[in-house]
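Now that you have both chains on their own, put them together as the hints suggest.
Residue-level listing of the chains:
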Amino acid sequence: MNRLYFLFLFLLISCSNSNQIGVVKNSDNRSLKLVTFINEYVDENYKTLDSIFSDSVHLNLNNRLYKGILKLEDGLELYHQIYSEISIDSQFLCTFYLDDGSIKTFQKVNFITKNKITRNVGSIRSFFEYKWSDGYVVELNVVFDSETLNKEEKLYKNSLKNKPIGN
Amino acid sequence: MRVFYTLLVFSFCIMSCTSDVIGVVLENDIYSYRVTQMINDHEETKSDFLEKYLNEDSFIEYSGEMFNGKQNLIKVWKSEFYFFSNVFFDNKEVFTTFNKDRSYTTIFKGNWNAKGNFTNNTYKVYSFYEFKWKYNKICEIHVHWNNEPYYKEWNKLMKSKEYE
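Protein sequences, first through last, are from chains Z and D.
Take 0 as the starting number for the first sequence in numbering that gives the first Met the number 0 and just add one per residue.
Take 0 as the starting number for the second sequence in numbering that gives the first Met the number 0 and just add one per residue.
Heads up, some of the hints might be wrong.
EDC-like mimics (lysine to aspartate or glutamate), calculated; alpha carbons at most 20 Å apart, straight line [claimed, not checked]:
1) K156(Z) / D73(Z)
2) K123(D) / E138(Z)
3) K153(Z) / E147(D)
4) K107(Z) / E129(D)
5) K103(Z) / E92(D)
6) K107(Z) / E64(D)
7) K155(D) / E146(Z)
8) K151(D) / E146(Z)
9) K91(D) / D99(Z)
10) K103(Z) / E147(D)
11) K150(Z) / E147(D)
12) K130(Z) / E92(D)
13) K130(Z) / E129(D)
14) K24(Z) / D100(D)
15) K24(Z) / D89(D)
16) K123(D) / E146(Z)
17) K91(D) / E138(Z)
18) K103(Z) / D19(D)
19) K32(Z) / D19(D)
20) K130(Z) / E147(D)
Some chain D residues well away from chain Z (every beta-carbon gap over 12 Å; in silico) [claimed, not checked]:
21) H41
22) E60
23) K69
24) V75
25) K91
26) K160
Simulated from the structure, these hints should not be mistaken for lab results.
For each residue, glycine too, the CB sits at the ideal point set by N, CA and C.
Just chain D, same shape as in the assembly (with noise of 0.2 Å):
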């Protein structure tokens, strides 16, 4: 009988370690909490949950772009104020996955519009937002979107310039 149940414990953990699954959907959980925070303290000029929770030597992928670095990474993030205003996202969606290698990843993605403050056009543009946590702070944010809004922006300032 031991043999029997012990047989049936290890093939229980034998098909739990096989499986296809690599990760856990969680939802109303700590970390996806705070990245509505920073997100909503985004929304409000404001980046104090996002200070809090970043780690010193953390980085942030733009787009393709690297950036490196708490300070750095804030003043990235803060840039946006200055090209645009009426930041506010709409469809938002976030979650987290917790990680077979038992990290955790929060997942934000929704339509970022803004008006432009130098072409004053309003913009509308689907982004996706990657928050990698470690020991409770992000130690990695990956940012997938279309940074055309940034380009006419620029154009528009630049050529503004000119005339000066």
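This is chain Z alone, in the form it adopts within the complex (with noise of 0.2 Å):
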């Protein structure tokens, strides 16, 4: 008895850590959700978008402010009229349970882009922040380097500009 006393014991001082704050996850739900939604919204899908962000949601997209659920529609619908191809090369994402409650998950995604006027094939490696608050996301951050975007959507909006009226 005094045996497996201290081996239970053993094995809980070994496992626990003063510091530890939280445990990190990369297969459980939420995880597997924000995979799901990536994975849909390189195939122009958007059914699940009601299912995973608040309606209210927050979007900070590179230090630019918006709100709400058709805001990031609208947003995710503007890259697929930009690119004619949005692939995915790698991606990686944990969520992070705190003790305090808080849950956010880290996504880091590389997509591979095609113009869809100039067909310049190019690359955006972008970083995902989101925080969860009653099974939906209530908050993203994205972070990517935008200077590839921004001159891909000019070129777009010029050829928007001399478009043909009538065709």
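Rendered as structure tokens:
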């Protein structure tokens, strides 16, 4: 009995850490939902958006602030207007469950894009931070190098200006 | 009875191994402390802590660009001060994860604030840093942020050169 007691005590001591404030997971429900979200986004499918994001989700896209799930959908559609093809080269994500009850997911995605007008192929390396509350994402911060996108967007807008009317 | 205890211990081990947990989050640990010092150093345009803890063959991935080797990495880290001044971070958050493979990763995130030396613009950029540790030294740094301020300062610098 004593031996068993000491064995459990040893396991508990070795597992516990006074500095520990949470755990990291990558195959939990939230992580899997966000993998699905990114994969569906590539396929221009936004059906699951409202099961993941709160209606009043706060968006921070390279320090530009937006609010609401409709804004999110508009933003996601914009990239498909500029690019004829979007695919995922690599992605990594993990969800942090902190002892104070807060939950957040970090996701890194490398997108490969092909411009509709110039046919340029490029890559956009993006970082996403999702904050969860009551099972929904209530805040999304996205950071990526906007230079490539700005150039492509300019080309796309210019191509619209030069489009003959009536076609 | 002995069989019962053995089964109990065995099931405990199995349960811990099949968990979907891939790491634990640490706070106020030695790695978080070191990264905090590096960032504080950076705000004071110093890189002593970074130099102390960088591995010789470390590499940095800076928004998709790769730089190899300690000296290269320090050069990149310091190049910021040619383009910007008054660099500081707000909304700082730092923590370390102890991963299932027994490695440590320190995550730092915050808003990078600076004044452009050529445009006089002020910038605020959300940035995210990952420091991967190996044998007490940093072997990889991954920086995620928007390079826009660099392009703006670079363009201004190039324009000023045209009239020289």
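Quick rundown of the hints versus the structure:
Pair hint K156(Z) plus D73(Z) holds up; C-alpha atoms about 16 Å apart against a cutoff of 20 Å. For the suggested pair K123(D) and E138(Z), the alpha carbons sit about 19 Å apart, so the restraint of at most 20 Å is met. The straight-line distance between the Cα atoms of K153(Z) and E147(D) is roughly 15 Å, inside the 20 Å bound, and the hint therefore holds. A distance of roughly 12 Å separates the Cα atoms of K107(Z) and E129(D); the hinted pair therefore holds under the 20 Å criterion.
A hinted pair counts as satisfied when its Cα atoms are at most 20 Å apart, and K103(Z) with E92(D) qualifies at roughly 13 Å. Between the alpha carbons of K107(Z) and E64(D) the distance comes to roughly 15 Å, so the proposed pair stays at or under 20 Å and holds. For a cut-off of 20 Å, the pair hint linking K155(D) to E146(Z) stands: about 15 Å separates their Cα positions. The suggested pairing of K151(D) with E146(Z) holds, with an alpha-carbon distance near 10 Å, which does not exceed 20 Å.
Proximity of K91(D) to D99(Z) is assessed by CA-CA distance (about 18 Å); at most 20 Å being required, the pair is judged to hold. Between the alpha carbons of K103(Z) and E147(D) the distance comes to roughly 26 Å, so the proposed pair goes past 20 Å and is violated. The suggested pairing of K150(Z) with E147(D) holds, with an alpha-carbon distance near 12 Å, which does not exceed 20 Å. For the given pair, K130(Z) sits about 14 Å from E92(D) by alpha-carbon distance, which is consistent with the 20 Å threshold.
Taking the CA atoms of K130(Z) and E129(D), the gap is about 19 Å. The hint holds against a cut of 20 Å. With a C-alpha separation of about 14 Å, the suggested pair K24(Z) and D100(D) falls inside the 20 Å cut-off, and the hint holds. This hinted pair does not check out: K24(Z) and D89(D) have alpha carbons roughly 28 Å apart, beyond 20 Å. Between the alpha carbons of K123(D) and E146(Z) the distance comes to roughly 16 Å, so the proposed pair stays at or under 20 Å and holds.
Taking the CA atoms of K91(D) and E138(Z), the gap is about 17 Å. The hint holds against a cut of 20 Å. At most 20 Å may separate the alpha-carbon atoms for a hinted pair to count; K103(Z) and D19(D) meet this at roughly 16 Å. Of the supplied pair hints, the one linking K32(Z) and D19(D) holds, its CA atoms being roughly 15 Å apart against a limit of 20 Å. With a C-alpha separation of about 25 Å, the suggested pair K130(Z) and E147(D) falls outside the 20 Å cut-off, and the hint is violated.
Distance check for H41(D) against chain Z: the nearest CB is about 18 Å away, which clears 12 Å, and the non-interface claim stands. Distance to chain Z contradicts E60(D) as a non-interface residue, since its nearest Cβ pair spans about 9 Å, not more than 12 Å. Distance check on K69(D): its Cβ is at least 24 Å (rounded) from any Cβ of chain Z, clearing the 12 Å threshold; non-interface status holds. No beta-carbon of chain Z comes within 12 Å of the beta-carbon of V75(D); the shortest separation is about 15 Å.
Interface exclusion of K91(D) from chain Z stands, the closest Cβ pair being 14 Å apart, more than 12 Å. With a closest Cβ-Cβ approach of about 20 Å to chain Z, K160(D) is found to remain outside the 12 Å limit, as its non-interface label requires.
Hints 10, 15, 20 and 22, counting from the list given before, are not met by this structure.
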